[in-house]
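Undergrad: For the record, the sequence lines run as chains A and E.
Be aware that the first sequence starts at 1, since it is given in my numbering, and climbs by one per residue.
Be aware that the second sequence starts at 1, since it is given in my numbering, and climbs by one per residue.
Check each hint, because a few of them may be wrong.
Claimed, not checked - Straight-line Cα separation of at most 20 Å, EDC-like style, residue types lysine to aspartate or glutamate; simulated pairs: (1) A:LYS199 / A:ASP103; (2) E:LYS366 / A:ASP134; (3) E:LYS275 / E:GLU287; (4) A:LYS170 / E:GLU272; (5) A:LYS170 / E:GLU271; (6) E:LYS366 / E:ASP439; (7) E:LYS366 / A:ASP103.
In short, the hints are calculated from the structure, not lab data.
If you're wondering where the values come from, they're calculated on a predicted model, not measured in any experiment.
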Amino acid sequence: MRFLLVEDNAELAEAVVQRLGLDGHAVDHAGTLGAAEDCLAVADYDLILLDVMLPDGDGREFLSHHRDHLETPVIVLTARSQISDRVGALDQGADDYITKPFDFSELEARCRAVLRRRGGAAKNEITLGEAVFDPMAGTLRHGGQVLDLRNRELRLLEVFARAQGQILSKGQLLDRLFSLEADVTENAIEVYVGRLRKKLDGVGVRIETVRGLGYRMDT
Amino acid sequence: MSGGVSERWSIARRLTLFLAAMVAILALVSWYMVTSFAREAAGRTQDNILAASATSIAETLRSEGGEIRLELPYSAFSMLGALSEDRVFYRVAVGDEVLTGYGDLEGPEATSGEARFATLPYRDVTVRAVSLQRIIQRDGAAVPVTVTLAQTRDGVQTIAAGLSRQAAVLSGMVFVLAVGIAAFAVRASLRPLNTMAQHLATRGPSDLRPLRRQGPPELMPLVRALNRLMERLGGSLRRSEDFIAEAAHRVRTPLAVVRAQAEIALHSVEEESQKQTLRRVIRAVDESSRSASQLLDHAMVSFRADDLTRERLDLPALVGDVAEALRPTAQMKDIDIALDMAPAHAEGDEILIQNALRNVLDNAIKYSPAETVVTLSVRNGGGEAQVMVRDQGPGFGQASATQLTERFRRGDQVEGVVGSGLGLTIADEVLRAHGGRLDLTSNEEGAGACVSLILPAA
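All chains should be built: construct the whole structure from the sequences, respecting the hints.
TA: Shown next as structure tokens:
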């Protein structure tokens, strides 16, 4: 998926680019509204992440200026208190907002929700055996049917799908799946892997247990 | 500053009192002047009649064979009787020799050709007396004859008293009329001030537009001062809002950098102890950012609750919006948000009530185990509108509702959940400000908490 990140803090932008890159997304970074205009003129994006306070203007003005002709959904990154800023951003035409500092899993969840609401313009399907997986839309299609996966199962599947043939340790999976919830043991991973295996039955992909190391998805 | 009481008196009362006092003084002065003019005029009339009568008596004096004779003319006394029924005394004397009349009547010292008047006591009454002297030739010698005529003053005083009474009645009427006009004038003059006050009082809490009303020129300095004050107030509100935004931006952006970097590091390090450290870093960042938002929310709630904007709220719509906003957060734990709505309306500040519900729902999601259901229901009945948030989490344990809504207080079932303890406090304050309440119940078996936001129905 291709993101446009409009954020003036270079360090945060770099971290976001890097972090979204880990999930296989391409992110263009614009430090100003002017740079964002330039990016929009030459490329198509699936989603725009827009900071509110920018050196050459207010992100919300950018929103109200573009709301009529911009197809791309916008998620506003705000640092303000929820009460004072939220309503304003949504009224200006943002699809959603997220408060800094944000949890990347939550950002991903919100992106997914926005894209689903907008009818899912994303084209980054991953073929898994006989099935087609769209991690952003959160769908797994197999033989004209959409398989019903819950959110964590989808996320687990995404981790495996992006690392096909690689061994993933329980610890790695734990961090991706539960980010920072307390009291989650590696047993929980076994439970979710078990469920996912059941749902993937007959699709043509397997999740193998590599004794002492973790799991590996093979087609 | 002087005078505690008069400073607190209303301007209308002050002006009316001043004007009334002034009118009273004027009425008294005019009454006094009318009375003394009346007395003087009546006195002068009496003097003139006395002088005329005395003159007509003196004119009858003549010398006849060495004796001085006179005839008391009837006309002289009829003139005196015309004024009133007062008693009349007279004395005609040559030197100390009394020719006729009351020997003990002592008039003023008479000089030739000029009538002299005096008010003096005579036989237990006060009389007005006139003396005049006429020179009569007797045996070739000029003999001065003194005619003294006196009259009691009852008639004069009756006339003066009557005039004085009429003057008093007139002055009283003028006083009452003038005070009435003054009160009306004061009220009419102060009307622009009252209109302005009403106009200001009916303004919304955030309406800081300058006053544009035309008024009397005396009010213009006040209007200008008010406008300047509102401008300054608006400016400082904007500045503090900008300041909060700026402060939040400056605090949260570095936190976001730290969090993002820590997450990246968490994915690249292999060793479990390092991962633990990074998880702690991230949790600390989450905690401080959450505290910061809730402190800001709490400040905002306290600020807004003083001056609520009241609008009619469609509760199912509001609940739906909040649920939609938090659904992605819930989905991360595979928590379903179930809605069970009945039509209900309440009156209040939409942003505050949204925030209250958001805090409660956020709590429910945070404390619920994965793959459970949080149910939002809206009910209406008994004059109350109720939004219930039920979860399948650990419940509230032993803590009482009062304890839970205290600032920075958290329940005893919160092991390992990031929170600041302000969520329920904020919700509670919002509901109280709206005349509602927050109801906390927890299932006996420990299977879930139920938080009800109760508002007066509208």
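Undergrad: Work down the list of hints and note, for each, if the structure agrees.
TA: Each hint, compared with the structure:
1. A:LYS199 / A:ASP103: Roughly 28 Å between the alpha carbons, so the hint for LYS199 (chain A) and ASP103 (chain A) is violated.
2. E:LYS366 / A:ASP134: 28 Å, violated
3. E:LYS275 / E:GLU287: 18 Å, holds
4. A:LYS170 / E:GLU272: Holds, at about 11 Å.
5. A:LYS170 / E:GLU271: Holds: LYS170 (chain A) and GLU271 (chain E) sit about 13 Å apart, inside 20 Å.
6. E:LYS366 / E:ASP439: 19 Å, holds
7. E:LYS366 / A:ASP103: 14 Å, holds
Of the numbered hints listed earlier, those contradicted by the structure are 1, 2.
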